[in-house]
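Number of protein chains: 2
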Amino acid sequence: MTSQQCLQILRTVKDVAFASVDAQGDPQVRIIDVMLIEEDRLYFCTARGKDFYQQLIAHPRIAIVGMNKDFQMVRLSGEASHLDDQKYWIDRIFAENPSMCDVYPGDSRHILEAFCINTGELSFFDLGRSPIEREQLPLGDGTPSLNGFVIQDAHCLHCGLCRERCPMQAIKKRGEER
Amino acid sequence: MTSQQCLQILRTVKDVAFASVDAQGDPQVRIIDVMLIEEDRLYFCTARGKDFYQQLIAHPRIAIVGMNKDFQMVRLSGEASHLDDQKYWIDRIFAENPSMCDVYPGDSRHILEAFCINTGELSFFDLGRSPIEREQLPLGDGTPSLNGFVIQDAHCLHCGLCRERCPMQAIKKRGEER
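Those protein sequences? They're chains G and A, same order as listed.
Numbering-wise, the first sequence is residues 1 to 178 according to the UniProt record's numbering.
Numbering-wise, the second sequence is residues 1 to 178 according to the UniProt record's numbering.
Any given hint could be a false lead.
Copies of one chain are not kept apart here, so a pair can be met inside one copy or by any two copies together.
With a Cα cut of at most 27 Å, we get these calculated BS3-like pairs of lysine-lysine [unchecked claim]:
no.	residue 1	residue 2
1	50	87
2	69	173
3	87	172
4	87	173
5	87	69
6	172	69
7	50	172
8	50	69
9	50	173
Keep in mind the hints are simulated off the structure, nothing from the lab.
With the rest of the complex left out, here is chain G (with noise of 0.2 Å):
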């Protein structure tokens, strides 16, 4: 799966949480449409007057999720940039969300100002296998974080006790892997 594959199924889903941090260094999260993928940068807007563009301008790290029908979850962790030519950018998405124009008609598109997301680590699951299966990518210049586990050959005992716990099954034996 490439960076912008896994970018379109945020796209393809309507309800995307994205959450940020506020002036206390509290978490705060709402539901916003994504408006466009191109070329690996995701694109969002919100209006000047909302507390959400206060915490971006602030802190711009953020972290997104989504989850689409078929149980496929994204999640995003990275960066929003305020893009510099504002006009552009909402006329842009507009075109491309005519439903926008119900919302904001006419000239009031302009309260709202649009980020992109290009930087960060974007992460796959697929909850509707069993087992899932997870992937994760960089986006831009970011580099996916190692997190989860290791067997540390060093100090393995070749027990199994590891192979036997796991609900997911995803301990194999070397050479009986999936």
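Model the placement of chain A on the given structure of chain G, informed by the hints.
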């Protein structure tokens, strides 16, 4: 609407986004099931091995959001409490959510830790209506924060330009409120 009814909407939503803050002070978000709603408390669980668990222990402030198929969106901003009697709550959660037994068979369920949110503020948005409707509700000891905008009577010229400008027709003359 009561807080309990508002929380029940989150229970019916399969993909609820839970946002936390990580050790760097950045937002993180993932989709989790709401396991139980009872006496104005929302219960969920996560595995001890996950970053989310570490984040909650270090910084228990949490924000969650979900939207149902009727475009009713609920946001909850509050504090997650690690529950005292873990065995009781995990067993209770598995009894209320039988499909969890397939994911975590036998004793493996006790790798999970149960939390509840019993204080914070709830926001309900009915995005399926035009114009939209919203309501703020306290949860437990929490107090809804007053955000958004107010017209200061002492400084208002009664010109009505704001009403003309509002794309949501949210501004009405006194006495003509919906």
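How the hints compare with the structure:
1. 50 with 87: within (19 Å within a copy, 42 Å between copies)
2. 69 with 173: Neither: 34 Å inside a chain and 43 Å across chains, both beyond 27 Å.
3. 87 with 172: neither (54 Å within a copy, 30 Å between copies)
4. 87 with 173: Classified as neither: same-chain Cα gap 57 Å, cross-chain 32 Å, threshold 27 Å.
5. 87 with 69: neither (34 Å within a copy, 33 Å between copies)
6. 172 with 69: neither (30 Å within a copy, 40 Å between copies)
7. 50 with 172: between (49 Å within a copy, 21 Å between copies)
8. 50 with 69: Answer is between; shortest inter-copy Cα gap is 25 Å, intra-copy 30 Å.
9. 50 with 173: Answer is between: at 24 Å across copies they meet the 27 Å cutoff, but 52 Å inside does not.
Hints 2, 3, 4, 5 and 6, counting from the list given before, are not met by this structure.
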